[in-house]
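J.: Residues per chain, in single letters:
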Amino acid sequence: METDNNAMSEVMIRIEGLSKTFRTKDAEVEALKDINLDIHAGEIYGIIGMSGAGKSTLVRCLNYLERPTKGNVYVEGKNLADMDERELRSTRKRIGMIFQHFNLLMQRSVLGNVLFPLEIGKVPGEQAKKKAMELLGLVGLSDKAGVYPAQLSGGQMQRVAIARALAADPKILLCDEATSALDPATTKSILELLSRINKELGITIVIITHSMSVVEEVCTHVAIIDGGVLAETGEVKEVFAHPRTDAAKRLFMESGAHEGLVTELKGKHCIRIVFTKNSSFEPVIANMVLSVGTPVNILLADTKDIGGIAHGQMVLQLPEDEEKAQAMVEYLKTRKLDVEELTDYVQ
Amino acid sequence: MFSEKIISMLFENTLITLYMTVASTLIAYVIGLPMGILLVLSAKDGLRPNAVLYKALDVIVNLLRSIPFLILLVLVIPLTRAIVGKSYGPTATIVPLTIAAAPFIARLVESSLREVDPGVVEAAKSMGADNFNIVTKVLIPEARTALITDATVALVTILGYSAMAGTVGGGGLGDIAIQYGYYRYQTDIMFATVILLVLLVQILQWAGMRLARALDRRVRS
Numbered sequence: 001m002e003t004d005n006n007a008m009s010e011v012m013i014r015i016e017g018l019s020k021t022f023r024t025k026d027a028e029v030e031a032l033k034d035i036n037l038d039i040h041a042g043e044i045y046g047i048i049g050m051s052g053a054g055k056s057t058l059v060r061c062l063n064y065l066e067r068p069t070k071g072n073v074y075v076e077g078k079n080l081a082d083m084d085e086r087e088l089r090s091t092r093k094r095i096g097m098i099f100q101h102f103n104l105l106m107q108r109s110v111l112g113n114v115l116f117p118l119e120i121g122k123v124p125g126e127q128a129k130k131k132a133m134e135l136l137g138l139v140g141l142s143d144k145a146g147v148y149p150a151q152l153s154g155g156q157m158q159r160v161a162i163a164r165a166l167a168a169d170p171k172i173l174l175c176d177e178a179t180s181a182l183d184p185a186t187t188k189s190i191l192e193l194l195s196r197i198n199k200e201l202g203i204t205i206v207i208i209t210h211s212m213s214v215v216e217e218v219c220t221h222v223a224i225i226d227g228g229v230l231a232e233t234g235e236v237k238e239v240f241a242h243p244r245t246d247a248a249k250r251l252f253m254e255s256g257a258h259e260g261l262v263t264e265l266k267g268k269h270c271i272r273i274v275f276t277k278n279s280s281f282e283p284v285i286a287n288m289v290l291s292v293g294t295p296v297n298i299l300l301a302d303t304k305d306i307g308g309i310a311h312g313q314m315v316l317q318l319p320e321d322e323e324k325a326q327a328m329v330e331y332l333k334t335r336k337l338d339v340e341e342l343t344d345y346v347q
Numbered sequence: 001m002f003s004e005k006i007i008s009m010l011f012e013n014t015l016i017t018l019y020m021t022v023a024s025t026l027i028a029y030v031i032g033l034p035m036g037i038l039l040v041l042s043a044k045d046g047l048r049p050n051a052v053l054y055k056a057l058d059v060i061v062n063l064l065r066s067i068p069f070l071i072l073l074v075l076v077i078p079l080t081r082a083i084v085g086k087s088y089g090p091t092a093t094i095v096p097l098t099i100a101a102a103p104f105i106a107r108l109v110e111s112s113l114r115e116v117d118p119g120v121v122e123a124a125k126s127m128g129a130d131n132f133n134i135v136t137k138v139l140i141p142e143a144r145t146a147l148i149t150d151a152t153v154a155l156v157t158i159l160g161y162s163a164m165a166g167t168v169g170g171g172g173l174g175d176i177a178i179q180y181g182y183y184r185y186q187t188d189i190m191f192a193t194v195i196l197l198v199l200l201v202q203i204l205q206w207a208g209m210r211l212a213r214a215l216d217r218r219v220r221s
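Chains as they are written, first to last, in the working numbering: chain A, 1 to 347; chain B, 1 to 221.
Hint data in this document are derived by calculation from the structure and do not stem from the laboratory.
We put the beta carbon where it would ideally sit given N, CA and C, even for glycine.
Careful, some of the hints might be misleading.
To be verified - A few chain A residues that face chain B, going by a derived Cβ cut-off under 8 Å, partial list only: (1) N63; (2) R89; (3) F116.
Make the full structure from the sequences, and use the hints.
T.: Right, dumping it as structure tokens:
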């Protein structure tokens, strides 16, 4: 499933035929079914799915906090299944992890939290302290070293958690819904920090999320997980522009707000436009309406300006007049937009 | 009101009560704390599930806790004699007090350690911590406030038991209350011991709560 262009770089994590079944008193729940995925060094890999899709279980299989029922996980070429507890613990030190609820030690200071993995790794006191202060500098919290987590905001707590996860010099950072408890502005700053860590420290990052905007914002690659199965994988811009599966389409167009309106409209011809390279300053839709001379209905719009380029998507309901509709599609294509016909968007 | 002799006797027996209480609490912790930790570790959702060990500890704790203290006091006399050499007096009382307190403490420790956020334990595991690290660096420090509160509850409960032990010659304030108040109808001395006991409880409770709060870092200062 992986494209050839990154076959050159080293595979950091290989997931092979992974299944996980949970046994409850009277039933078996298959949380993950035959997952196969390669994550290469330097990637920021987003694993996205609706809640209950099995993504949190999957990320816990990557450091064996959960043991897979079937299949293997290789980290830097080594099979976790072959390791005893001691080897597993030393491998975990090379895999940092951050969580939705930060999971800081509340009775330890900020510095104490960052020191924790260094104490476990038996790094001598002075050296550990120096390292911890460096990391607090990296996440922008040098002045909070002596403060206790209860006195910090959510964003600051997640920064401490990131510093702590980096203390043992991991090669991989797993993020389990790391921004789900944060407001949009804080989410953005945490994602920027993760992106910086990826670039500056060369750490491979796996991001588990239910939010498409998180994937768009930082991820290079994405895997869509739906009902315990990997529905689609690939580069973010590729999957976003040409989603092949229903699961992907559902995720990209997740928005409950428009549903009530849809039934009132007559035309059934809808299209989805993906913005990836157009200037934010070009009023594409307005120009299209002016050039064809008929209004359209915007059913969904989720675009933002990233560095002067429009990113995101829109769903348009085209006029009933097929000729005019076709003219609009043509116009959009001349503007180099990805246009996708939607057959069942309006019922 | 009281003669100097009686006052010094009350004072002396206050110290004896404190001696019995503190000594048996300490010894009971030496037994109860590891028991509580083992209960948490061996539980089904624990770090090292072990159904046999858990069940065994669970039964022992329940069994000892269901015996009324006065009966336990008499029941363990042979053991007390074997350890201390006699079955009466403050030092001898420490034996039944410890046996009664240890399972009680084990339960208190167990429930306090269970209160620690499982997410924090998971985070520690993800950093490669072993179970020893998790117990010493996560569970106990994170449960510190609850554990200190537990110790206060344990001290106060054992103080009460020690007074009970006084009725069968255990020494301390309970002994005085029985001897003077009950057998000799010197109600004023009995009241004095009661007041002293109430004061001791108040002081222990106050000090324990203060310490717990002072050491709790979750409170915004």
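J.: Which earlier hints can't be squared with this structure?
T.: none
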